[in-house]
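Given next are the chains, with one letter for each unit.
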Amino acid sequence: MLGIKALPREEIEAIFSLAKSFQEISTREVKKVPALRGKTLINLFFENSTRTRTSFELAAKRLSADVVNFSASSSSLAKGETIIDTVKNLEAYHPDIFVIRVGSSAALYALTQHTEASIVNAGDGRNEHPTQALLDMFTVSQQLGSCEKLKVLIVGDILHSRVARSNMFGFRKFASQIILCGPPSLVPFDCAEEGIRVEYDLDAAVESADVIIMLRVQQERQTSAFFPSLREYSKNYALTPRRLARARKDALVLHPGPVNWDVEIHSSLKWRVHPLILKQAENGLAVRMAVLFSVGTKKRTL
Amino acid sequence: MLGIKALPREEIEAIFSLAKSFQEISTREVKKVPALRGKTLINLFFENSTRTRTSFELAAKRLSADVVNFSASSSSLAKGETIIDTVKNLEAYHPDIFVIRVGSSAALYALTQHTEASIVNAGDGRNEHPTQALLDMFTVSQQLGSCEKLKVLIVGDILHSRVARSNMFGFRKFASQIILCGPPSLVPFDCAEEGIRVEYDLDAAVESADVIIMLRVQQERQTSAFFPSLREYSKNYALTPRRLARARKDALVLHPGPVNWDVEIHSSLKWRVHPLILKQAENGLAVRMAVLFSVGTKKRTL
Amino acid sequence: MLGIKALPREEIEAIFSLAKSFQEISTREVKKVPALRGKTLINLFFENSTRTRTSFELAAKRLSADVVNFSASSSSLAKGETIIDTVKNLEAYHPDIFVIRVGSSAALYALTQHTEASIVNAGDGRNEHPTQALLDMFTVSQQLGSCEKLKVLIVGDILHSRVARSNMFGFRKFASQIILCGPPSLVPFDCAEEGIRVEYDLDAAVESADVIIMLRVQQERQTSAFFPSLREYSKNYALTPRRLARARKDALVLHPGPVNWDVEIHSSLKWRVHPLILKQAENGLAVRMAVLFSVGTKKRTL
Chain A
16 MLGIKALPRE
26 EIEAIFSLAK
36 SFQEISTREV
46 KKVPALRGKT
56 LINLFFENST
66 RTRTSFELAA
76 KRLSADVVNF
86 SASSSSLAKG
96 ETIIDTVKNL
106 EAYHPDIFVI
116 RVGSSAALYA
126 LTQHTEASIV
136 NAGDGRNEHP
146 TQALLDMFTV
156 SQQLGSCEKL
166 KVLIVGDILH
176 SRVARSNMFG
186 FRKFASQIIL
196 CGPPSLVPFD
206 CAEEGIRVEY
216 DLDAAVESAD
226 VIIMLRVQQE
236 RQTSAFFPSL
246 REYSKNYALT
256 PRRLARARKD
266 ALVLHPGPVN
276 WDVEIHSSLK
286 WRVHPLILKQ
296 AENGLAVRMA
306 VLFSVGTKKR
316 TL
Chain B
16 MLGIKALPRE
26 EIEAIFSLAK
36 SFQEISTREV
46 KKVPALRGKT
56 LINLFFENST
66 RTRTSFELAA
76 KRLSADVVNF
86 SASSSSLAKG
96 ETIIDTVKNL
106 EAYHPDIFVI
116 RVGSSAALYA
126 LTQHTEASIV
136 NAGDGRNEHP
146 TQALLDMFTV
156 SQQLGSCEKL
166 KVLIVGDILH
176 SRVARSNMFG
186 FRKFASQIIL
196 CGPPSLVPFD
206 CAEEGIRVEY
216 DLDAAVESAD
226 VIIMLRVQQE
236 RQTSAFFPSL
246 REYSKNYALT
256 PRRLARARKD
266 ALVLHPGPVN
276 WDVEIHSSLK
286 WRVHPLILKQ
296 AENGLAVRMA
306 VLFSVGTKKR
316 TL
Chain C
16 MLGIKALPRE
26 EIEAIFSLAK
36 SFQEISTREV
46 KKVPALRGKT
56 LINLFFENST
66 RTRTSFELAA
76 KRLSADVVNF
86 SASSSSLAKG
96 ETIIDTVKNL
106 EAYHPDIFVI
116 RVGSSAALYA
126 LTQHTEASIV
136 NAGDGRNEHP
146 TQALLDMFTV
156 SQQLGSCEKL
166 KVLIVGDILH
176 SRVARSNMFG
186 FRKFASQIIL
196 CGPPSLVPFD
206 CAEEGIRVEY
216 DLDAAVESAD
226 VIIMLRVQQE
236 RQTSAFFPSL
246 REYSKNYALT
256 PRRLARARKD
266 ALVLHPGPVN
276 WDVEIHSSLK
286 WRVHPLILKQ
296 AENGLAVRMA
306 VLFSVGTKKR
316 TL
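Chains as they are written, first to last, in our numbering: chain A, 16 to 317; chain B, 16 to 317; chain C, 16 to 317.
To be clear, the hints were calculated from the coordinates, so they are not data collected in a lab.
Each hint should be verified, as a subset may be incorrect.
If several chains are the same, the list does not tell them apart, and a pair holds so long as it fits within one copy or across any two.
Stated by the list, open to error - Listed next, the in silico BS3-like pairs over lysine-lysine satisfying Cα-Cα at most 30 Å (straight line):
1. Lys285 x Lys314
2. Lys166 x Lys285
3. Lys314 x Lys76
4. Lys166 x Lys264
5. Lys264 x Lys188
6. Lys314 x Lys35
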């Protein structure tokens, strides 16, 4: 499996320490190091995501790699080519790194069998989104000193969220406790296992949290049985000033972005929470530079 | 405001003198200078424009900058993200220059408040398109020696044209006189102010002009009340051989391109007018290199 | 005409010998040589093709050229600009190489009259696709030592295939014999001329072939009179284990990709034929590097 689940804690810490040194590059006059000069990265997105792709593209360019964007919707996939044939064909060009977003972890795993290149998982269905969790954890450890023994509350559509899953795997490696909160249809009770608690009442759940991760609501899911009404969702699970007042003063609020203001987070909290959310995006670039650097020289997967 | 209106004449002249030196780079064997090496330019187009984007992209690459194209239609804007949140997120990557096309000048102005990067206006609604005017004026000054004290006739849909506005601001800084010509529905009489004359009869208007700027007809506007009939528009406001014969022999004919032949300009004039229109495109690259170079090292807006 | 037809045999051999030396670059740690540094390549695709464009893009980047992708559908062509005006406008930027895919050879030929840049034909309607044939022939000569005096069987929709045409021109320059096979509606009898034989029975046709080129079925043509039924096509013209057993043991099977498995080639043959088809893609990159290198320094067309 590609993701945080299989990543040893020491490697997470190594990525953080690399990311720390890469953070500085993006503030230089010359925002570029020759670390991956002459390496080829292919951004292979079978599902659209301008933001994640752009972040990887910039990370690669700041390391001097050559980047080719291959959006599968515009390719011959429309002509009936399989995902594996697409990768095999691109493999013929001897890329060094594939950054892949694909609809299922089975598909992603299959792809790893057909390439000598390193693969970075940019989201595999509902399974994992490891660089998002790494940037969340990196942000937390920059703010609080470490990810160790924290109470991490994750709020929203846990059932469908690869961001939630990757963060759950990640924070637990640092002996942090996870509290999951959301409507029962989206937070199955059987999520609860060692290190994970389920809580349906957000007012209660925020109280002890060191970190509050608000998940993005995929509005396209509203029509399904999971989301009977957006208004009711927000009433019960949006972060409001009243709810945030119940939390610890120094609690961190994260969101993978882009925020649907007034759906996940009340817009009157923007001044309070947006700076850290933007810091997440900034850290995302440094974390992705670190990941690309560490997979760019020998075959590895993440 | 970002645009020619706020740009001092001396800065326009400084851009022209830079552009002159950059013209030569594009004719070299090695069409590249390291002027912006390690700088990041984000082409952020909330409205589609392959031509303008390509021109900026190439200008940046010839200065060795890293370029990322961010087309907002394919991004999470579709997911309801605001324009400002998009810029704030990209700002987290510490770009040096944003080249932005957006639907209104209010939106563009708002964006300037959320970035440390330089911003180049690539078209803000009906307001301005400064690099287009700069390349028009640069072309004129290369052909006629200067933009000083000329009679500049602008023909077409003045009401909706950012190209017309930017040129009006620009040429007047050089004591040139502007004559606006087009159907009354598209050339409001109250345009007339110091240095601007309105004329509804193109036959008369061409007679004294040193420079004739033919605006592009946005054919998608035909259905509105402004454009009752394309044929009637052309009959009255297309540049025809008969009309051009009334003009001064050395009158320059410009067009921002692409020309709708037989709509704005009679196709039998192509041999006469197209070379200079293509020269405009060529000069556009040099002018954009000059603009990017001058904003690429410290925060500025244009 | 741009294509293999007009390319002397000596130049084909020169490209092969360049391609051989470029093959090695893509397996290096640093996959990049400065051969075309400071040169500009414009990928100008009036018809969509992610695969061919990506191959040219990577080839150019490995030679250190600057690449701009200009997809004509997203450009102002939608606004009624002609193909020639588009090229003239891009010509103003002094590119060194245009890689062009366009719907007809007349259009491509016309474009050559309006640029000082080298032009590489990436497919001109039904006429030619020269780099595809070069990579096919390069693959054959790497496998069999040369393209000399072979029997080359081409199977499928010959009538509409630029791949077939370019290969026919190419292999005949090396005194190879061409056998065309497919349904009579797609393989006109009058194709037969010196060095070309038409054969409607695939079982018979495979027997003596040294090289079997399976063409891709354009499924969008099924609705036309040419393709009454895909099932019937496959029954008669797909490569099956039984048919391949009739061929010489060392016969090479090529396909321009992507394969519609079970339409052109039975999927149970994948293990046997896919490795060489992927080798074609790999060779395609080296051949395109060779072509770009040889046209990148002085004006030439292919």
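Verification of the hints:
Taking CA atoms no more than 30 Å apart as the test, Lys285 paired with Lys314 passes between copies only; the shortest distance there is 26 Å, against 42 Å inside one copy. With identical chains, the CA atoms of Lys166 and Lys285 are at most 30 Å apart within one copy only, with a shortest distance of 23 Å there and 52 Å across copies. Proximity of Lys314 and Lys76 under a CA criterion of 30 Å is satisfied in both settings, with 20 Å inside one chain copy and 22 Å between copies. Taking the closest pair of Cα atoms, Lys166 and Lys264 come within 30 Å of each other only inside a single copy of the chain (14 Å); across copies the shortest separation is 66 Å, beyond that limit.
In this assembly of identical chains, the alpha carbons of Lys264 and Lys188 lie at most 30 Å apart only when taken from the same copy (26 Å versus 56 Å across copies). In the homo-oligomer, the alpha carbons of Lys314 and Lys35 lie at most 30 Å apart both inside one protomer (23 Å) and across protomers (26 Å), since each shortest distance falls under that limit.
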